[in-house]
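Can you make the complete structure from the sequences, with help from the hints?
Residues in the sequence shown are numbered consecutively from 0, following numbering that gives the first Met the number 0.
I should point out that these hints are in silico values taken from the structure, not numbers from a laboratory.
In this text, a Cβ means the ideal position worked out from N, Cα and C, and glycines have one as well.
Honestly, I wouldn't trust all of these hints.
[Claimed, not checked] In silico EDC-like pairs for lysine to aspartate or glutamate, Cα to Cα no more than 20 Å straight-line: (1) K111 to E68; (2) K246 to D270; (3) K183 to D298; (4) K166 to E94; (5) K183 to D294; (6) K84 to E43; (7) K117 to E148; (8) K87 to D39; (9) K272 to D294; (10) K47 to D85; (11) K117 to E151; (12) K166 to D39; (13) K84 to E148; (14) K84 to D39; (15) K87 to D154; (16) K111 to E94; (17) K47 to D154; (18) K87 to E148; (19) K111 to D64; (20) K84 to E151; (21) K166 to D154; (22) K111 to E72; (23) K293 to D270.
[Unchecked claim] Label-pair distances were calculated between CB atoms; the ranges are: (24) A247 to K272: 17 to 23 Å; (25) D294 to D147: 44 to 50 Å; (26) A247 to A34: 48 to 54 Å; (27) D147 to Y206: 39 to 45 Å; (28) A291 to A34: 47 to 53 Å; (29) D56 to K272: 37 to 43 Å.
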Amino acid sequence: MTAARGFRATLFLMGLFVAGAWAASGLFKEGPLRAYLPADNAVEGWAKDGEPQEYEDEDLYTYIDGGAEIYQEYGFRRVILQDYKDPKGKSVSLEIFEMETPAAAFGMFTFKRSGTGKTVSFGGGAELEAYYMNFWKGRFLVTLTGFDEARETIDGLLAVGGVVDSKIRDAGAVPGLVGALPEKGLISGSVKYLKGLLGLNNIYPFYTARGLGFAEAARGVYENGATLLILDYGTADARARAWLDLKAHLAGSDKFTAGTGGSPAVFRVLDGKGQHVAIAGSGPRLLIGISAVKDAAFDIVRRASHLTARPG
Numbered sequence: 000m001t002a003a004r005g006f007r008a009t010l011f012l013m014g015l016f017v018a019g020a021w022a023a024s025g026l027f028k029e030g031p032l033r034a035y036l037p038a039d040n041a042v043e044g045w046a047k048d049g050e051p052q053e054y055e056d057e058d059l060y061t062y063i064d065g066g067a068e069i070y071q072e073y074g075f076r077r078v079i080l081q082d083y084k085d086p087k088g089k090s091v092s093l094e095i096f097e098m099e100t101p102a103a104a105f106g107m108f109t110f111k112r113s114g115t116g117k118t119v120s121f122g123g124g125a126e127l128e129a130y131y132m133n134f135w136k137g138r139f140l141v142t143l144t145g146f147d148e149a150r151e152t153i154d155g156l157l158a159v160g161g162v163v164d165s166k167i168r169d170a171g172a173v174p175g176l177v178g179a180l181p182e183k184g185l186i187s188g189s190v191k192y193l194k195g196l197l198g199l200n201n202i203y204p205f206y207t208a209r210g211l212g213f214a215e216a217a218r219g220v221y222e223n224g225a226t227l228l229i230l231d232y233g234t235a236d237a238r239a240r241a242w243l244d245l246k247a248h249l250a251g252s253d254k255f256t257a258g259t260g261g262s263p264a265v266f267r268v269l270d271g272k273g274q275h276v277a278i279a280g281s282g283p284r285l286l287i288g289i290s291a292v293k294d295a296a297f298d299i300v301r302r303a304s305h306l307t308a309r310p311g
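Here it is as structure tokens:
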């Protein structure tokens, strides 16, 4: 009798250990994002495949090894992952990321999309490429991944995404800074919204953090090949201090050489790839034009300065 009790106690403790490990891995947490998951047959023929997994805050590093930092830079709260399958064996993986703000969700959407996929009418914006789709709505970023390009897979992916879209009641506007990008010639899918150095370095590295402590930034690519970066520091004084630091780095860096021409108000350098970089201050913002053509880099900065100039 005593041996039997000891055996049952051992099994109980082992069960607690396994449950604790599963909970730590995200398998047993029941967070608020479950409300956005489509139920079985909410899309005809598609049902959940396994239990959902949920991760919050720093636990994201457990789920995305090596890729969590960019989510944290934008402002991450939690994510839920749920797989779906149909009777033919087709599969779709659904991820719903709750970010801190709609701006953060929009930013991650622009970071993850290629800009060359098909536009889909979900949320605040959606892009479908092959068997992979992202859309944002309110403070949520939704990613759906199929595992082939079969019509049944894509139809299921779109249908599951549509149910999630209908469940999210939040709304959010595109950050106002994006509107400072001149519209003429702007390639819409090229727009990126940034919140820090990780995002910026992914687009254009300056090989320093000096002067790059901006509050937010926007990037646009134009039909003539020019790129425009707008870095917003919140105030003109903060921008002026940052610009002094960044200019000192550029002037002393072996990655850049002094440029020529243009206006005294526009600082010019040539980067290691032979691209012309033109930089000017405008109120609380730094305007940075990048192009293989010298005049194109200068021109996009000139155009943007007329749009962004304001007192301060």
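**Prompt:** Which numbered hints turn out to be false for this structure?
**Reply:** Violated: none.
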